[in-house]
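Undergrad: Model the full assembly from the supplied sequences, consistent with the hints where possible.
Number of protein chains: 2
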Amino acid sequence: MALGNILVGQSGGPTAVINSSLAGVYETAKALGAPHVYGMQFGIEGLLQGKLVEMDPLFADPLQIELLKRTPSSFLGSCRCKLPAPAEDERPYQTLFALFAQYKISAVFYIGGNDSMDTIAKLAAYGAAVGSDIRFIGVPKTIDNDLMHTDHTPGYGSAAKYIATILKEVICDSSVYDLRSVTVAEIMGRHTGWLAGAASLAAGPDCGGPSIILLPERTFDEDAFLQKVSQVEKTYSNVVIAVSEGVKNKDGAFLCDLVSTADQLDAFGHKAILSGTSRYLADLIRTRLGCKTRAIEFSTLQRCASHLASRTDITEAYQVGGCAVQAAANGDTAKMCALVRRSSAPYQCDTALVDVSAVANLEKKVPDEWIAPDGMHVTAGFERYARPLIQAELTPIYINGVPRHIHL
Amino acid sequence: MALGNILVGQSGGPTAVINSSLAGVYETAKALGAPHVYGMQFGIEGLLQGKLVEMDPLFADPLQIELLKRTPSSFLGSCRCKLPAPAEDERPYQTLFALFAQYKISAVFYIGGNDSMDTIAKLAAYGAAVGSDIRFIGVPKTIDNDLMHTDHTPGYGSAAKYIATILKEVICDSSVYDLRSVTVAEIMGRHTGWLAGAASLAAGPDCGGPSIILLPERTFDEDAFLQKVSQVEKTYSNVVIAVSEGVKNKDGAFLCDLVSTADQLDAFGHKAILSGTSRYLADLIRTRLGCKTRAIEFSTLQRCASHLASRTDITEAYQVGGCAVQAAANGDTAKMCALVRRSSAPYQCDTALVDVSAVANLEKKVPDEWIAPDGMHVTAGFERYARPLIQAELTPIYINGVPRHIHL
Numbered sequence: 001m002a003l004g005n006i007l008v009g010q011s012g013g014p015t016a017v018i019n020s021s022l023a024g025v026y027e028t029a030k031a032l033g034a035p036h037v038y039g040m041q042f043g044i045e046g047l048l049q050g051k052l053v054e055m056d057p058l059f060a061d062p063l064q065i066e067l068l069k070r071t072p073s074s075f076l077g078s079c080r081c082k083l084p085a086p087a088e089d090e091r092p093y094q095t096l097f098a099l100f101a102q103y104k105i106s107a108v109f110y111i112g113g114n115d116s117m118d119t120i121a122k123l124a125a126y127g128a129a130v131g132s133d134i135r136f137i138g139v140p141k142t143i144d145n146d147l148m149h150t151d152h153t154p155g156y157g158s159a160a161k162y163i164a165t166i167l168k169e170v171i172c173d174s175s176v177y178d179l180r181s182v183t184v185a186e187i188m189g190r191h192t193g194w195l196a197g198a199a200s201l202a203a204g205p206d207c208g209g210p211s212i213i214l215l216p217e218r219t220f221d222e223d224a225f226l227q228k229v230s231q232v233e234k235t236y237s238n239v240v241i242a243v244s245e246g247v248k249n250k251d252g253a254f255l256c257d258l259v260s261t262a263d264q265l266d267a268f269g270h271k272a273i274l275s276g277t278s279r280y281l282a283d284l285i286r287t288r289l290g291c292k293t294r295a296i297e298f299s300t301l302q303r304c305a306s307h308l309a310s311r312t313d314i315t316e317a318y319q320v321g322g323c324a325v326q327a328a329a330n331g332d333t334a335k336m337c338a339l340v341r342r343s344s345a346p347y348q349c350d351t352a353l354v355d356v357s358a359v360a361n362l363e364k365k366v367p368d369e370w371i372a373p374d375g376m377h378v379t380a381g382f383e384r385y386a387r388p389l390i391q392a393e394l395t396p397i398y399i400n401g402v403p404r405h406i407h408l
Numbered sequence: 001m002a003l004g005n006i007l008v009g010q011s012g013g014p015t016a017v018i019n020s021s022l023a024g025v026y027e028t029a030k031a032l033g034a035p036h037v038y039g040m041q042f043g044i045e046g047l048l049q050g051k052l053v054e055m056d057p058l059f060a061d062p063l064q065i066e067l068l069k070r071t072p073s074s075f076l077g078s079c080r081c082k083l084p085a086p087a088e089d090e091r092p093y094q095t096l097f098a099l100f101a102q103y104k105i106s107a108v109f110y111i112g113g114n115d116s117m118d119t120i121a122k123l124a125a126y127g128a129a130v131g132s133d134i135r136f137i138g139v140p141k142t143i144d145n146d147l148m149h150t151d152h153t154p155g156y157g158s159a160a161k162y163i164a165t166i167l168k169e170v171i172c173d174s175s176v177y178d179l180r181s182v183t184v185a186e187i188m189g190r191h192t193g194w195l196a197g198a199a200s201l202a203a204g205p206d207c208g209g210p211s212i213i214l215l216p217e218r219t220f221d222e223d224a225f226l227q228k229v230s231q232v233e234k235t236y237s238n239v240v241i242a243v244s245e246g247v248k249n250k251d252g253a254f255l256c257d258l259v260s261t262a263d264q265l266d267a268f269g270h271k272a273i274l275s276g277t278s279r280y281l282a283d284l285i286r287t288r289l290g291c292k293t294r295a296i297e298f299s300t301l302q303r304c305a306s307h308l309a310s311r312t313d314i315t316e317a318y319q320v321g322g323c324a325v326q327a328a329a330n331g332d333t334a335k336m337c338a339l340v341r342r343s344s345a346p347y348q349c350d351t352a353l354v355d356v357s358a359v360a361n362l363e364k365k366v367p368d369e370w371i372a373p374d375g376m377h378v379t380a381g382f383e384r385y386a387r388p389l390i391q392a393e394l395t396p397i398y399i400n401g402v403p404r405h406i407h408l
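So the protein lines, in turn, are chains A and B.
Take the first sequence: its letters are residues 1 to 408, numbered as in this note's numbering.
Take the second sequence: its letters are residues 1 to 408, numbered as in this note's numbering.
Derived from the structure by calculation, the hints contain no laboratory data.
Because the structure is a prediction, the values reported are computed rather than measured.
We put the CB at the ideal spot given by N, CA and C, even for glycine.
Hints should not be assumed to be uniformly reliable.
[As the list claims (entries may be wrong)] Where chain B lies over chain A, by a calculated footprint (3+ residues, C-beta under 8 Å): (1) 167-178; (2) 199-210.
[Unchecked claim] Calculated lysine to any residue pairs in the SDA-like style (CA-CA distance at most 25 Å, straight line): (3) K364(B) x R341(B); (4) K82(B) x K248(A); (5) K104(B) x H149(B); (6) K292(B) x R80(A); (7) K51(B) x C207(A); (8) K234(B) x H407(A); (9) K234(B) x D221(B); (10) K292(A) x K250(B); (11) K30(B) x T333(B); (12) K292(A) x D221(B); (13) K104(A) x A125(A); (14) K248(A) x C207(A); (15) K82(A) x S237(B); (16) K51(A) x S132(B); (17) K234(A) x R80(B); (18) K292(A) x F254(B); (19) K292(B) x D178(A); (20) K82(B) x L179(A); (21) K82(A) x S357(A); (22) K292(A) x E393(B); (23) K292(A) x L408(B); (24) K234(A) x R341(B); (25) K51(A) x D115(B); (26) K51(A) x Y236(B); (27) K82(A) x D178(B); (28) K250(B) x L289(B); (29) K292(B) x P35(A); (30) K51(B) x D178(A); (31) K82(A) x S181(B); (32) K250(A) x S211(A).
TA: Here it is in structure tokens:
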């Protein structure tokens, strides 16, 4: 099937490698003969307002592609917009398909998480209903690693590498004085513990790693937690704890909400900003165990640290972008390009197409067997899964002492 | 003067390159024929308890020196201990000089900030008073860059490089949605704005840098600040502000203390300990200007990010360590090895000895001429000063996806 003009967009939260997927889409489309590659500005939301940019003039110089791969966040801009069901409101679809016709779009690619896959599923279904031959393919992206039917998601490996690396550095920092102390590092992950679990990758012959890891997959048990902290303190005078921002107590309340309640909701009804879980735990430990504590939030740094991206992640992000374009050229639609692990040792990973509707709106949790029996750490199985994803580096292009990026 | 055994200690807050100074002391001492190199564990405080380690067996393999240069925080451990005046209490001096005699120490090196230089000054004065020929030399170190009589301090360049780099990444991250937003990044520096000023180094052809930088050298003026934020918002929909943790209002109160005392008890009914200058400003802006805000604390990460150290900084840290040993071999005592800038373009820097008593306990502020007239940014002169200090990189030795360190 001939590949005509294509349109690509980015959606949801930033990652360190979402632009590498954009590079994969762009270069593969050009290699397969797409006359024009258009980008949605600010995702489907911007597109609905007619915000669209032609990418070809921007990337005539291949150096720009190298910078794109090293630029964090979404080059095209992003949104958190969910399309209504066509039965409820057909107008956005009419607007979008008119734009597709105007720009002679043969295929649409959307790089994002489970909400973005919902967008692709709806566009593909609408297209089929109206007899369009435009193909719609999803490209997975999220630091949260919570997409179904893919071994992992591009973006996760780089966030995991950043978390493991800076946690190692924080552990060095926290043990410098001859004092008892507990450091609580707060890691992203509203509903799943994939990122918090990555804290375990700090461990090695030169570093004990975090003594405790709390995941949202387990209910927080204050007594068991304090007992474990006390026990760990007998061995290590400087204790480091990693906690997911999404940990809840037995009443189903986020620990961070016990600190503060003034937060906003996004378009999906998610709590927009969660912070304060580490603060809550640090206060708890200081009050109950009487030792010096420090709360550190890894904050948005963990999702945009391109200077420390995983080369494996960058490569795979590029591959899923490119394979999505290949799939569209083959005539596929309503699919997502997933990652399929062939082997962990040596690590080998392939791509495959899965139905986008099987991915949309669902969430993959850390499996029970990868969570320690006491619920406060991960197992060796988790490490076998995650360690290959943080391997190797891509050197930033430093100019004047800082990494160079590219912007629209 | 023959160099006998030497003793070296590290003191004060960690940096990314304090261990490079240790490497410089160690390798230069061995090159100059020191039979044994001893390290104080946990600085002078640990030494007073007899905590001392022989470094020679640890560094027989030169790979270990390479790892040492790439390991953040203080390899030997640190302390925040100030010696009493000998007239008040001579006992610590008796203990220390007995240890020096026991280990046949010919020279003592202390890597640290202005409090550590006080320690060196006191030890040298006591040594002179009791007729000791042991030499005492200070090696400068602090991310705060607040030492007198040295162009800059080892540790500052790496912290500045980290701040500039992650601020660039945060700026990418913060501009991803088509929404008005203000991000406030909180940077260390209780009394001086050298680190906050380094946020300006994020700016370049690909990045506007922070629109506002608040330094402790200037009193916070709420009205002027809000007016400037409003004005900047007319040009940029996503505003990024860098603020030093040490900014005070006209009553001399730290902004972060205004958060803690307002209404904030922690979840356990105790007064909350919040490092909250950025939080305070974010709340202020949200309340008064009605836009989405986010507070990010760069936290201890900025002082221990060896994975992103400045090669210039690592090299100079090594040089001041080595030149301190050379000075002791030449018979100098009661000195600190300072950095002397010969030229900014091209950047050339040399070392020189200064009297340690001229450095002890003093603090160097950002000069007035490097602060913008409105007190809310730094000037081009600041950039000419700071930009050379963040140049070049030293690749971490990555094993299994994370940088390898070395520990006692």
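Undergrad: Each hint should be assessed against the structure and marked as holding or not.
TA: Here is how each hint holds up against the structure:
For the region 167-178 of chain A, the proposed coverage by chain B is satisfied: 10 residues have a C-beta within less than 8 Å of a C-beta in that chain, meeting the threshold of three. Given a C-beta distance limit of less than 8 Å, the hint that chain B covers the region 199-210 of chain A holds, as 5 residues qualify and 3 suffice. Using a Cα cut-off of 25 Å, the hinted pair K364(B) and R341(B) holds, with the two alpha carbons roughly 16 Å apart. Under the criterion of a C-alpha separation no larger than 25 Å, the hint pairing K82(B) with K248(A) is inconsistent with the structure, at around 44 Å.
Distance hint between K104(B) and H149(B) is unfulfilled; the C-alpha atoms sit about 32 Å from each other, more than 25 Å. With a C-alpha separation of about 15 Å, the suggested pairing of K292(B) with R80(A) holds against the 25 Å cut-off. With a C-alpha separation of about 22 Å, the suggested pairing of K51(B) with C207(A) holds against the 25 Å cut-off. At most 25 Å may separate the alpha-carbon atoms for a hinted pair to count; K234(B) and H407(A) meet this at roughly 20 Å.
Simply put, K234(B) and D221(B) have alpha-carbon atoms about 20 Å apart, close enough for the 25 Å limit, and the pair holds. A threshold of 25 Å between alpha carbons decides the hint, and for K292(A) with K250(B) the separation of about 31 Å lies outside it, so the pair is violated. Our distance criterion of 25 Å between C-alpha atoms is met by K30(B) and T333(B), whose separation comes to about 19 Å. Restraint check for K292(A) and D221(B): not satisfied, since their Cα atoms lie roughly 34 Å apart, outside the 25 Å limit.
Of the pairs offered as hints, the one joining K104(A) and A125(A) holds, with about 19 Å between alpha carbons and a cut-off of 25 Å not exceeded. Only pairs whose Cα atoms come within 25 Å are accepted, and K248(A) paired with C207(A) is rejected, the gap being roughly 29 Å. Our distance criterion of 25 Å between C-alpha atoms is met by K82(A) and S237(B), whose separation comes to about 23 Å. Pair hint K51(A) plus S132(B) does not hold up; C-alpha atoms about 77 Å apart against a cutoff of 25 Å.
Between K234(A) and R80(B), the direct Cα distance comes to roughly 24 Å. Compliance with the 25 Å bound is thereby established for this hinted pair. Using a Cα cut-off of 25 Å, the hinted pair K292(A) and F254(B) holds, with the two alpha carbons roughly 22 Å apart. Only pairs whose Cα atoms come within 25 Å are accepted, and K292(B) paired with D178(A) is rejected, the gap being roughly 42 Å. With a C-alpha separation of about 17 Å, the suggested pair K82(B) and L179(A) falls inside the 25 Å cut-off, and the hint holds.
A C-alpha spacing of about 15 Å is found between K82(A) and S357(A), which places the hinted pair at or below 25 Å, so the restraint holds. A hinted pair counts as satisfied when its Cα atoms are at most 25 Å apart, and K292(A) with E393(B) does not qualify at roughly 34 Å. Between K292(A) and L408(B), the direct Cα distance comes to roughly 23 Å. Compliance with the 25 Å bound is thereby established for this hinted pair. For the hint pairing K234(A) with R341(B), the CA-to-CA distance comes to about 49 Å; that exceeds 25 Å, so the pair is violated.
Restraint check for K51(A) and D115(B): the C-alpha separation of about 57 Å exceeds 25 Å, so the hint is violated. Among the hinted pairs, K51(A) with Y236(B) is consistent with the structure: their alpha-carbon atoms are about 18 Å apart, no more than 25 Å. Proximity of K82(A) to D178(B) is assessed by CA-CA distance (about 15 Å); at most 25 Å being required, the pair is judged to hold. Taken as a hint, the K250(B) and L289(B) pair is honoured in the structure, with Cα atoms around 22 Å apart against an allowance of 25 Å.
Distance restraint check for K292(B) and P35(A): the Cα-Cα separation of roughly 40 Å exceeds the 25 Å cut-off, and the hinted pair is therefore not satisfied. Taken as a hint, the K51(B) and D178(A) pair is honoured in the structure, with Cα atoms around 11 Å apart against an allowance of 25 Å. For the hint linking K82(A) to S181(B), the alpha-carbon distance of about 21 Å falls within 25 Å, and the restraint holds. Pair hint K250(A) plus S211(A) holds up; C-alpha atoms about 22 Å apart against a cutoff of 25 Å.
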